[in-house]
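Trainee: Work the whole structure out from these sequences, hints included.
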Amino acid sequence: MRKVFYFTCFLFLFSCKNKKTEKVIYPRQVGDITYDVKLDNPNFIPCNGDDKILQYFNTGKGVEYRGGKKEIKDLFEKNYTHVKVDESGLIRIRFIVNCKGETGRFRVIQMSDNYEQFTFDDRITNQLLMITQGLDGWKEKENHGTKIDYYQYLTFKIEKGNLIEILP
1 MRKVFYFTCF LFLFSCKNKK TEKVIYPRQV GDITYDVKLD NPNFIPCNGD DKILQYFNTG
61 KGVEYRGGKK EIKDLFEKNY THVKVDESGL IRIRFIVNCK GETGRFRVIQ MSDNYEQFTF
121 DDRITNQLLM ITQGLDGWKE KENHGTKIDY YQYLTFKIEK GNLIEILP
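Numbering (full-length UniProt numbering) for the sequence shown: 1 to 168.
Treat the hints with care, since some could be wrong.
List time: in silico DSS-like cross-link candidates among lysine-lysine, alpha-carbon distance up to 25 angstroms [unchecked claim]:
id, residue 1, residue 2
1, K84, K157
2, K69, K160
3, K70, K100
4, K139, K70
5, K139, K73
6, K52, K157
7, K69, K100
8, K78, K157
9, K69, K139
Here are the simulated distance ranges between beta carbons [as the list claims (entries may be wrong)]:
id, residue 1, residue 2, range
10, D121, N143, 16 to 24 angstroms
11, D40, K69, 24 to 32 angstroms
12, I164, D51, 31 to 39 angstroms
13, E142, F118, 34 to 42 angstroms
14, Q133, L167, 31 to 39 angstroms
15, D136, D113, 25 to 33 angstroms
16, H144, K84, 47 to 55 angstroms
17, E142, Q117, 36 to 44 angstroms
18, T146, K84, 45 to 53 angstroms
19, D36, Q117, 29 to 37 angstroms
20, G68, V37, 19 to 27 angstroms
21, V108, D136, 17 to 25 angstroms
Keep in mind the hints are simulated off the structure, nothing from the lab.
For every residue, glycine included, the Cβ atom is placed at its ideal position computed from N, Cα and C.
Mentor: Next up, the structure:
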């Protein structure tokens with residue numbers, strides 16, 4: 001009986017010494033935007049680190065912009081110029097808003113009306129990206145009394161080069 005006890009203790013102690021440290025190769029959550037030196041402004045820094053950026057749906061308040069969604073829509077109507085092309089589909093621009101209301105790490109996804117990968121004319125995507133990057137009325141958000149960083153996105157419905165709708 002003692003031999004079994006000692007053997008069990010030996011195995012337990014031996015297994016405790018084999019602690020492995022694994023390198024994390026996957027993002028914390030699907031859709032996390034990691035810093036890319038080629039794309040991102042090095043001066044934009046999330047206040048709470050990359051591992052504490054909340055998804056847009058975590059606060060349940062939707063788009064929080066000074067003047068509301070109407071203000072965003074008005075800014076795009078004023079600044080977007082129709083491009084005469086026969087291209088239709090959706091363009092989503094996703095980005096981070098830090099605890100100071102500053103934005104960074106913009107990413108663009110484009111798809112056809114059939115939700116298939118598609119590349120729009122650069123004159124369309126560049127305009128939408130520049131206008132989105134210029135939006136400076138994003139509200140600071142709090143979660144349980146702590147200022148947070150959060151992901152935000154805008155999806156643009158394009159029909160034949162015309163900006164038809166902005167979602168959400």
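Trainee: Which of the listed hints are broken here?
Mentor: 6, 10, 14, 19, 20
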